[in-house]
Amino acid sequence: MTAVALTARTARFRTARFRTVRALRLEIRHSAVVWVLPILAALFYVNAYRTAAGYPPTWTLRASVITQANLAFSSMIAAGVAAWVATREGRRKTGDLLATTARAAWARQATVLAATAFWMVLAYLAGVAVIYVQTALQATWGGPPLWPVAVGVVAVAASCAIGFTCGTLFPGRFTAPIVAVAVFVAWFVGVNAANSVNPDNVSNLSSLKGTSALLVPALLGRPPDVDAGVYYHVPPDVFIAQVMFIGGVLLVMVGLFALLPAARVPGAWGLSFAAGRRLTVVAAAGVACGVAASATAFSLAGTGQYSLTTGWEIPALHDAAGDQSVPYTPDCTGSAFKVCIHPAFAPYLGAMSAALQPAAAEIAGLPGAPVRAEMTPGYSPPAVAGTASVYDYSVEQEGFSGGFWATPATARTADWEQGEQQDFITWFVSGPAEQDAPGLTTPAQEAVAIALLARIGAPVPSYPQFSQSITAAASGFESLSPAARHAWLAANIAALRSGTITLAQIP
Amino acid sequence: MTAAGVKTPPVPPTSRAASASAARRLPAGARLAWLHLRSRRVPSALLALALCGGALRAVLHWHLTSGGALAQQGPMIIEAGAAVLIVMTTHSPFGEAERAAGRWLPYLRLGAVLALTGIAIGALQLGVTGASLPGGVLILARNVIGITGIGLLASLVTGGLLAWILPLGYLGFAEYALNAAWRNPWTWPVRPPADRGAWICAVLVFAVGLAAVTFRGARTSLADNG
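From first to last, the protein sequence lines are chains R and U. Numbering that gives the first Met the number 0 numbers the first residue of the first sequence as 0 and each following residue consecutively. Numbering that gives the first Met the number 0 numbers the first residue of the second sequence as 0 and each following residue consecutively.
No lab work stands behind these hints: they were computed from the structure. Careful, some of the hints might be misleading.
[As the list claims (entries may be wrong)] Computed spacing ranges between beta-carbons, pair by pair:
(1) U:R195 to R:T100: 57 to 63 Å
(2) R:H29 to U:W181: 36 to 42 Å
(3) R:T499 to U:A193: 53 to 59 Å
(4) U:H62 to R:V290: 54 to 60 Å
(5) R:T93 to U:W181: 41 to 47 Å
(6) U:A193 to R:Q467: 39 to 45 Å
Being a predicted model, the structure only gives us computed values, none of them experimental. We put the CB at the ideal spot given by N, CA and C, even for glycine.
Just chain R, same shape as in the assembly:
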């Protein structure tokens, strides 16, 4: 082979590559997807952006939106639009004309699919960027999770491929909306299936018959816990299985599309291997690989196990080294009574301190009064009052406060602070039996708590035994001088917690 022949081959290759890029550029410039971008933007703002903005600024929680609302609507529109553009040649009656061109019809159609997928993925990523930039400006801990982005990108591309293949096979006017609606119905069917493996809905996780519903990118059909990804990294197991499964679907659809004669001659049916042998082999291999990937992901997802600390794990994909807790130094404020918080929730520190300092001052010096408030992981029950000098609070506590589902701006309101004060005072006067649920078991405990809350200006929470006699006792106790009240509490707080003090014994 001479140098001249090599140069000619290189030039031919470059020309072919240039033709493909140029065709793709033309399709991108003239894509019909541009017409749906305003609707996608509106749906993104209403569904995804507003939802994310209402969440606390932690990365995992905010990122959950991009595989829920943002993905649901992007997939629906992507499938419909792809089906619509696939019918273009039939709609404009240019099928016969283009069949005579030198360029293979499959390559031409694949360029249209690529341009559609380009716009849809770009629109999806633009939405992700908006959510991530907003989170980056507010978050004080961690970094952007990338696995949910990978799942979303593959899912949008797969939706395009599904829609395009359907549009090529059935080039009718009803194909696009039917495909879009079918994808949307499939999404909600998947969310319903995912709810069946939601730890909040299932009392006994070990009794589950299968966990394949983890493949639905809706992330269990609900937002994760507020502190997900804060104390422990979220394992990528489920995300890997989702990418495998959806990527398999994408491969199958693209392979089928290449094998279909309808992609070459509009209106032709059935499978045909009359096209180039190499294309047929590659497409068939793609279909086989896609089926294998999806089947493997399905079986892997079926072996999922739930961990209280990190969430769902898939043993075959799990890396135990990632189960270690993430080290951190808490942010603290205050001197006599320190309020500490995980740095991920640092924006709440001011509100938490403003809520707890007056309450702590009211009970300072009493037996069992805490000298420090500390945030703990959501699954840890708080220590029994009187046995520790630390008040443990968590983002998932089921008390009277709104907890940390509120945004930092909401946390700076009187309502939120008073809720935290109610939780704190209730915890302080309650005994061991009430640690798991809010509320007090004896009228005397309620009366003392009401009086202490009144002293710091907090309203009475919805205690279970609230009555006029309790209010009267509380008002009498509140009217005592601070020294007398303090002395009585110092002498009787242990008995009060154990439930032996009656309403009549309160001064």
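Once you've looked at the hints, dock chain U against the given chain R.
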């Protein structure tokens, strides 16, 4: 027998022609309507509406979507799908030329949309016979009517073939409204069955869309002719 009965005055030629014309007019009218419906792919739409009824039945029978407060999600999507199918039939393959062909076109458009809307509601209701449809037939009818109205209005701008995008966009918005428990009348899919404000909004949108499509017709050149 008298000659009176025999001497019946002959029918004048003009009157005979008129009766023959009247006899021909009915089949011609029916044929015109049939051709109009065929050009709009109404038979295929009827088949698709029947499939929607079956799909709604399947969703309710096998509890395929969420229950509780979100039980409306699945049926709402299928109702929107049925509405979109109606809207897609507004596209004419003949373009501007058809508008100059006669004075019956607005009546044909009006009749086709009204008939298809009624058939869609009937097909979906038939599909859920014996099953428990959240909100009942009133919400079903209101969703079909209102979302069809949105699609009809969209068809004036985008053409009939692309008019599915805006109704499905509204559907996405309504899904959020359902999750967020919004209560505005214009989010009629999430309102109670007998809510007056929701009915006014849905019927108003449908009436405006129907009137516009009846007199103007869907846009004949496609919005994506780029």
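Outcome of the hint check:
Roughly 60 Å separates the CB atoms of U:R195 and R:T100, a value that falls within the hinted 57 to 63 Å. At about 38 Å, the beta-carbon gap between R:H29 and U:W181 stays in the expected band of 36 to 42 Å. For the pair R:T499 and U:A193, the supplied restraint of 53 to 59 Å holds, since their beta-carbon distance comes to about 56 Å. Between U:H62 and R:V290 the CB atoms are about 29 Å apart, so this pair departs from the stated range of 54 to 60 Å.
Checking the proposed 41 to 47 Å range against R:T93 and U:W181 shows it holds: the Cβ atoms sit about 45 Å from each other. Look at U:A193 against R:Q467: about 42 Å separates their beta carbons, and that is inside 39 to 45 Å.
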